[in-house]
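There are 2 protein chains.
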Amino acid sequence: MISMDSSENIVKEFKEHSISEFFKKNRQMLGYSSMIKSLVTVVHEYVTNSLDACEDAEILPNISVKLNRAGDNKYIVIISDNGPGIPKQIIGKALAMILAGTKFHRNVQQRGQQGIGAAGCTLFAQTTTGKPIRAISGLENGRAFSCSIGIDTMHNKPIINDIIDLKDIPRGLTIEGEFAMVKYDTSDHSVLEYLKRTALSNPHAQIVFIDPDGKEFSFLRSVDKIPEKPKAAKLHPLGLSVNDLLEEAHSSKEDMISTFLSNNFSRFSQGKVNELKELLPNINISKKPKELQWNESEMIVDAFKKMKWISPETAHIIPIGHAQIELTLKNILNPEFMHVIERKPKVFKGGFPFIVEAAIAYGGNAGKQLEEGYTGNILRFANRVPLLFDSGNCAITEAVRSIQWKRYNIDMDVQPVSVFVNISSVHIPYSGVGKESVSQEEEIIEEIKLAVMDAARGLQHFIHNKEKLSMYANKYKTIMRYTGQLSKDLASLTGKKPDEIRSTLEKIVAKHYSLESNVNDNKTQNATEEDIERETDFKESAD
Amino acid sequence: MISMDSSENIVKEFKEHSISEFFKKNRQMLGYSSMIKSLVTVVHEYVTNSLDACEDAEILPNISVKLNRAGDNKYIVIISDNGPGIPKQIIGKALAMILAGTKFHRNVQQRGQQGIGAAGCTLFAQTTTGKPIRAISGLENGRAFSCSIGIDTMHNKPIINDIIDLKDIPRGLTIEGEFAMVKYDTSDHSVLEYLKRTALSNPHAQIVFIDPDGKEFSFLRSVDKIPEKPKAAKLHPLGLSVNDLLEEAHSSKEDMISTFLSNNFSRFSQGKVNELKELLPNINISKKPKELQWNESEMIVDAFKKMKWISPETAHIIPIGHAQIELTLKNILNPEFMHVIERKPKVFKGGFPFIVEAAIAYGGNAGKQLEEGYTGNILRFANRVPLLFDSGNCAITEAVRSIQWKRYNIDMDVQPVSVFVNISSVHIPYSGVGKESVSQEEEIIEEIKLAVMDAARGLQHFIHNKEKLSMYANKYKTIMRYTGQLSKDLASLTGKKPDEIRSTLEKIVAKHYSLESNVNDNKTQNATEEDIERETDFKESAD
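Residue numbers (this note's numbering), protein chains in the order written: chain A, 7 to 549; chain B, 7 to 549.
Same shape as in the complex, but just chain A:
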């Protein structure tokens, strides 16, 4: 029962598709799934680009986000920044060509990595409202222009129209787009919450949000310091795959493999070149990199694994910073207690350095208020970008959940606790194109656990003291109730004045309890790798 024309059919039906067509049909993969999430995704993509552009140009960012209602589940989004603007030559591709941009090929720590986000917004605007977006770009040289930008999805190319040169426009980029199939709300997964968290992780940014009712929310700068401009990182030999090395070699203009290695990779001294020579006497590392073969590249990568290396350079990883996190947590959550941990750089998969920062905030606006009482929440960030969705698959969630909170006398279910985690790296391994969760790399999970456990110990200590203080206060109050009667009884026995006796008694009681409350003040210790084994209980994922 075989249809005889299967082969012909297959050939006839066989077609090629552009990446724009693909994402038009699978926009949920870019973060455009529910209406609430879709609106957050639009804001996220533009704000992320604005922050990156400002940082790259060493500008303290001022960003404004405005939402106007334009119909049922339809909003106009207007986002402005004071960044360097986008030149006319590339604005179309930057905003309406998927997989084009400045970020994909550079080894630089930035929020964006892929050259997909902004073009995805244009695609989403166009496929839900039929309208192009509008951009106003004010450049540093004083020139400015506006234009409309659509996308030719069949060919993944921008369609630019209505270019108008402008005068007296301040530096920066403004994008205005109309989007349908979106919804604004004020839940935990809203634009407001997204911007609040963005402010939390970007204390150097000023963000103003005007909601669809015209209500203004300002997140002011907590620090005036421009973050360091991220620099391109050289790859560490332990982060190189056979294929990476081969491709880099084949596109290199160096004369010899040896100089190619020492000039292009991190920690590659002349000593290391000699060591490699000794390990691989059969490979001629004086020949041209272009002549490197796969099996040679394989042997070199294997040899790298046998050599001792200084850890990857970490100067190009720029964390938020201990003081900045404290300031901004205070600013935004105003907690009763907080404990911030900045860990030293670590490495995943051998060659990719990353830094984890974690904090626990307690009380104030920390945690999540329920109708009755509170519950804890996790504030996830990657390169300062808040991750609001897909928490289930994220290394941060996995790490925080696998901690045995009971050991710290913390109950994440009922206490007003916020756990803040930011991962900084040139190469954040996101699980999906929508970049809403960090892939569950073992080394990253462990490092997050160490950081959070360390912060948890601080909170444990605080809660312990708080409870002890409250216990003493109760005892103090109870004992004090007897001082009146006791003073009178002692007075009638001794003939002394009851007020004097009372005052003495009260002093004794007060001194006693102020002493005792100071007992438990030994310093908390830093978590070590051994703690992890002892304190945790990795659960297998269900299914």
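Mixed in with the good hints there might be a few duds.
Copies of the same chain look alike in the list, so a pair counts if it works inside one copy or between any two.
[Unchecked claim] Each computed DSBU-like pair below joins lysine-lysine, with the alpha-carbon atoms no more than 30 Å apart: (1) Lys163 with Lys109; (2) Lys21 with Lys137; (3) Lys350 with Lys237; (4) Lys240 with Lys72; (5) Lys494 with Lys481; (6) Lys31 with Lys163; (7) Lys311 with Lys137; (8) Lys189 with Lys311; (9) Lys374 with Lys412; (10) Lys259 with Lys235; (11) Lys173 with Lys513; (12) Lys412 with Lys221; (13) Lys294 with Lys94; (14) Lys18 with Lys163; (15) Lys293 with Lys137; (16) Lys18 with Lys296.
To be clear, the hints were calculated from the coordinates, so they are not data collected in a lab.
With chain A held as given, fit chain B onto it using these hints.
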């Protein structure tokens, strides 16, 4: 402190990238993250394509999967099928060009949808071992050839070499590839488990697996019926977006919008055309579809929402089938009890029909055996494809977890229970490119809950009866202990023979308990939408 050359820098750094380059750098998005998962992904992509190709050509599939060790974390994967093969003209693009294929543009229920999977495997082989894959294609016309296929990632184009015409090769496709950065194990997330589950959801397929130690596992066919060949579905008017309608109209060769509508969309009778005319008197639906404007398309889509429609056709959705699921569960899990539920077609987002099948199996090889005791597990499927990873974000997991199992006296933590769920649809909304989880659409989650709750009721009933029977058996045993002594005592009182009395007593006791055990045999009822509200307790996702 603005660097003056930002604009120039941006222009200079601005680059375009191919989709192959993108996935080369982000292969975790295609399922190539951990070494164990990467090997499952390779097997999954090829097996999925084989099953689709066989179904399309109406062939009962015979598939063999063989793994050979080729070094440290390096395996040769050889997968053969008896499908129609792939013609020479397109084999390169089919196996080594991302976003090319027969599936992306057709409205047909198939396992593959995107034209990414097989090319992703070639990309993964090449970037981990430097080697192309090798294909042997035996076509229906008796012709056959073999060739090697690599991928030019810069241009997303196949590189075909060593084409050899062959004779006396049976029909089918064999692919042989060498992959590094992969690992074989026998865990819950292994190739063996993947194939076992594939057999579970494809009872018409014969799958033979030879593991790296040469051990053979055969999953034989449970049914000899070739599943219906999936047919292309017309879109339902309620599933149309403004943009879809406009694009379809602009590429249509019909003379009038009215005939374009009635010929291209499901349930579009002449009556509906007239109804539309009345609702939109200002739109001339006799003009050419090519002349349709965005605002008109918007008005038409809005009007569709006001019209009453017959539900979408469901003939093109092919579920596994009640009897087939029972057979295969019996075959593979051999459970003590099972209850299979096939729900009627439902619709998500207004226009996309889907069918949920669910089953609960208990005892036998159901559930997951732990060192001590058991735990329940969830077997997730979409269009018969097992979903092994990313359970956290999946509509199926969410639905099963949100059920209050206590109400059914089922404890998923300790009982040997397997919950089986298969979603069939032309448009499965996957959360990511790797297609490892189903997006959490509310209508899909609710429908899965109804199905699983229904199956749970069956198990509840079974366990209840089992407990009752065991209770009766205990009582019976206890009472029987007294019959001996009682018979003797009664005999000495009455003068009758103790054996006679004993036999009568035993009959009375036996009759009593066999009667009582039949009491609770009323039929379980089907779940309704109201049950959901009553019985469930949607938990907000953490974070």
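Which earlier hints can't be squared with this structure? 4, 11, 12, 13
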